[in-house]
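K.L.:
Starting from the structure of chain Y, add chain S where the hints point.
Number of protein chains: 2
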Amino acid sequence: MEKKLIVDVCLSPQLYPAYEREDTIVVVIDVLRATSAMCTAFEYGVEKMIPVATLEEAMEYKKQGFLVGAERNGIAIEGCDFGNSPYSYMTDAIKGKTIVISTTNGTQAIEAARNAYKVVIGAFTNISALTHWLQQQNKNVLLLCSGWKNRMNLEDSVFAGALAERLLKTNLFQTGDAALASLFLYQQTQISQVKFFHSSSHSKRLAAMGLKKDIKYCFSLDKTTIIPVLEGKYLVKMA
Amino acid sequence: MEKKLIVDVCLSPQLYPAYEREDTIVVVIDVLRATSAMCTAFEYGVEKMIPVATLEEAMEYKKQGFLVGAERNGIAIEGCDFGNSPYSYMTDAIKGKTIVISTTNGTQAIEAARNAYKVVIGAFTNISALTHWLQQQNKNVLLLCSGWKNRMNLEDSVFAGALAERLLKTNLFQTGDAALASLFLYQQTQISQVKFFHSSSHSKRLAAMGLKKDIKYCFSLDKTTIIPVLEGKYLVKMA
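Protein chains in written order, with my numbering: chain Y, 3 to 241; chain S, 3 to 241.
Treat the hints as calculated values from the structure; they're not laboratory data. One or more of the hints may lead you astray.
If several chains are the same, the list does not tell them apart, and a pair holds so long as it fits within one copy or across any two.
What the hints assert, rightly or not - Simulated pairs of lysine to any residue, SDA-like, Cα-Cα distance not exceeding 25 Å:
no., residue 1, residue 2
1, LYS151, ARG23
2, LYS171, SER194
3, LYS141, SER201
4, LYS218, THR177
If you're wondering where the values come from, they're calculated on a predicted model, not measured in any experiment.
Chain Y extracted, bound-state conformation (with noise of 0.2 Å):
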């Protein structure tokens, strides 16, 4: 059989453009920490999360009463319900509600692929689900990750390698040359996995900040079979 389906990877959002194409579903990537986050919000109960790319909007929403999570190079905005960490979500406190959401770079992820045929949340926490679903879809991926400030980081790039794997053991996608270049690092993070990960430029601001436990968790696989997937300008959990 011929494979038609694509699987590639875009290493930062500003490039997005160069790898838009028709009948893609992109899954955004941002595993220190919104996307994990947001895995755990809906985890924990959260009906919709609403993600924003500015700090403006967010606060507007906080005005009329929203519940918003926002923070931007690691750090908590003040004034917000919630930060970035995945720990922050894990409340009863967020059954049934709607969640404001704004970070750094996930929500800028968020914004560029908005009119993809479909954008779903993807996480170390949730990426069986994700493999699973996406096996049975019929259509191109794209794995945008969110990386930083436009650049790209080794978190998100691994976290696809080891997502592209997956895929590519159905044996229906062919691939781009970021996809496979994502797939060769994080093999080589499976023989070095330690090193790796202590070296991601964002995992040493996350530690010098005491935040290991996110960090830890972040990293984890399936904590949840829940794929958020945006629904208009909502976040909602996948029927």
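P.N.:
Coordinates of chain S only, in the frame set by chain Y:
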């Protein structure tokens, strides 16, 4: 000794603004085949090259009587004197001449980096001379991959990893995430080199055009000790 210098990798010319910093030597990389061909041209005695981003500029020079090398999508432009194959520059006819050159990706990368402290040309064919020179400059180094139409490609990032590995042996540099990713990617190629280069989408494209000889040449180490450097609008042989 504290490592104060930074070596990083920019995987697409479009991301250059996110990586730009002061006091940085930019190494422009287009392994298949622009920067490999430039190194060959200088080895065969060309005096100057004028890299231009658009075909229109190239054709303007052609009208003025210059020798012109130009290609798009791997195919030499009709009416030009050279294409992008290193073999086309292996002739005494270029000795002492000035050649205008425009390629799909490589000359765009040179254009993006034009205001850097210094812009030099890198390829497997001059990797040792380049490594040695960079180690002695006491400057930040940015390895700028030309990629393919703003996407990242495998061969440029693998070369960036090979050069990063050599530079890091001196212990002078700290790295950004993209340099680490390229390094790990390169190390993975050392484990499975054949598989790797056959996977590259541009290798496939060139092989389909009957250019396997070019691919083999472009992955050969140290065919020259010349480092082309940008001086104003000219690439010249570094003194």
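K.L.:
With reference to the structure, classify each hint as holding or not holding.
P.N.:
Here is what the structure says about each hint:
no. : hint               : result
1   : LYS151 with ARG23  : both (23 Å within a copy, 14 Å between copies)
2   : LYS171 with SER194 : both (22 Å within a copy, 19 Å between copies)
3   : LYS141 with SER201 : between (34 Å within a copy, 22 Å between copies)
4   : LYS218 with THR177 : between (30 Å within a copy, 23 Å between copies)
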